[in-house]
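Given chain D's structure and the hints, the job is docking chain H onto it.
Read off the chains here:
Number of protein chains: 2
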Amino acid sequence: MRNKKPLILVTNDDGYQAKGIVTLIETMRELGEVIVFAPHTHRSGMAGAISAEHAIRTWLHTKEEGFTMYVCNGTPADCVKLALNEFVDRKPDLLVSGINHGSNAAISVIYSGTVGAAVEGSLFDVPSIAYSLCDFYPDADFSEVVRVARVVSRKVLEKGLPRGVSLNVNVPKGKVRGIKVATQTPGKWVNEYYRTKDGIGREVFWMTGQFDNWDKDNEENDEWALANGYAAVVPITTDMTAYDFYSRLKEWEL
Amino acid sequence: MRNKKPLILVTNDDGYQAKGIVTLIETMRELGEVIVFAPHTHRSGMAGAISAEHAIRTWLHTKEEGFTMYVCNGTPADCVKLALNEFVDRKPDLLVSGINHGSNAAISVIYSGTVGAAVEGSLFDVPSIAYSLCDFYPDADFSEVVRVARVVSRKVLEKGLPRGVSLNVNVPKGKVRGIKVATQTPGKWVNEYYRTKDGIGREVFWMTGQFDNWDKDNEENDEWALANGYAAVVPITTDMTAYDFYSRLKEWEL
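For the protein sequence lines, the chains are D and H, in the order given.
Numbering-wise (our numbering), the first sequence opens with residue 1 and increments by one.
Numbering-wise (our numbering), the second sequence opens with residue 255 and increments by one.
Same shape as in the complex, but just chain D (with noise of 0.2 Å):
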């Protein structure tokens, strides 16, 4: 006999009020007890940013039956920590940061405050999914992200995740013909900024850009997923050492 309904704590970085954050709290509340714990605005490209420099504050505002939820000034790992030393009780069985508004497949995992939030829970030994829709729009169309947010959280509900070790899905636009393990895109983005004024002349630079991919033919990795129709399941590693390059270091005479 279960005594229990499994705890899902959810977040993002695009804000508790974002229509992604909405659509993944009524898809968690299926699957169990929800708490919320979100920025109150937009927090994109935070990455794991903490607030070391200010104070930060939380507001409850909603408890009721099953669902909590708590709003932040701070960034995404910030609401992730914050909940987990302060706030939660028991350890939730499940994190699900997102579904984020725009891809944050390939090198945007270094960017993203979705996943940001997603690496901080898996440290602290809570099986973590961050999920994007690849749709910057506003009011996109959640429907086949919901579907497969409902199989893989049920699966990670079930099998759990090594400690230190998320998921980052992303779902591409439209239909989804499946879901695939895939490793990270190797690339970067290029031709970053948009140079303009602002309101008394002065120069400014707002980000934009595209994608460079550096690897376009391999079958194993989450951009030839989403281009191809599949939703991309990439497992995000907490241990930033690269073994491959070590032992050749390890060769210098420092």
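Listed next, the in silico DSBU-like pairs over lysine-lysine satisfying Cα-Cα at most 30 Å (straight line):
| hint | chain 1 | residue 1 | chain 2 | residue 2 |
| --- | --- | --- | --- | --- |
| 1 | D | Lys216 | H | Lys504 |
| 2 | H | Lys413 | D | Lys250 |
| 3 | H | Lys470 | D | Lys250 |
| 4 | H | Lys504 | D | Lys175 |
| 5 | H | Lys317 | D | Lys197 |
| 6 | D | Lys173 | H | Lys504 |
| 7 | H | Lys470 | D | Lys159 |
| 8 | D | Lys216 | H | Lys345 |
| 9 | H | Lys345 | D | Lys197 |
| 10 | D | Lys250 | H | Lys259 |
| 11 | D | Lys159 | H | Lys504 |
Calculated from the structure, these hints are not laboratory results.
Please read these numbers as outputs of a predicted model, since none were measured by experiment.
This is chain H only, laid out in the frame that chain D set:
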């Protein structure tokens, strides 16, 4: 006959006025032509964060023979991106970030703006190094880390680094016994908040805590090196794929 001195890009996350970057600039001017692109103020804990939600600006601070300094109101990663996309004519031979006031060993690598800047540089195929001193004091003694930075920077100028690999160099307080190539120590921060009140009585949370080392007796890792008086050099990758778990994940029915 060499026709050009090496070009060295310098940045940090403590802001352009910190003793750490002033010291690093002096040291790098011994080795080549220096261009600085640094945050205008403290941006600790910014990881690889980018300014996706607002425009950034930059100012020319100093221009003299062999030395140029720009100050920028973005994150450390923004500084590197902006410099290399828009302001630096030839590709730098080296990027150095720091010298950070405080350790960036072990899991701090995923939160550190100092490291985030070096990771960004490595994507541009610029050999990049993050330097940190395990001493938070604003007026810390940087003489030993300068000695290490001369050795490591000269070696990287000579040998280069693979694209997407940077070095995370941490130096202990006090006399340094030598330089050790190391792996990232597994672990996490615990007891991460100091709960107090703001000026009008509202509850606020400040970051604090201790590092919980999950692999204390491993002589390969960076915390062991530092605890035993060595500077630790960890090669860092931009590929966050958890290859150890990848094949197991492929066996899941998704």
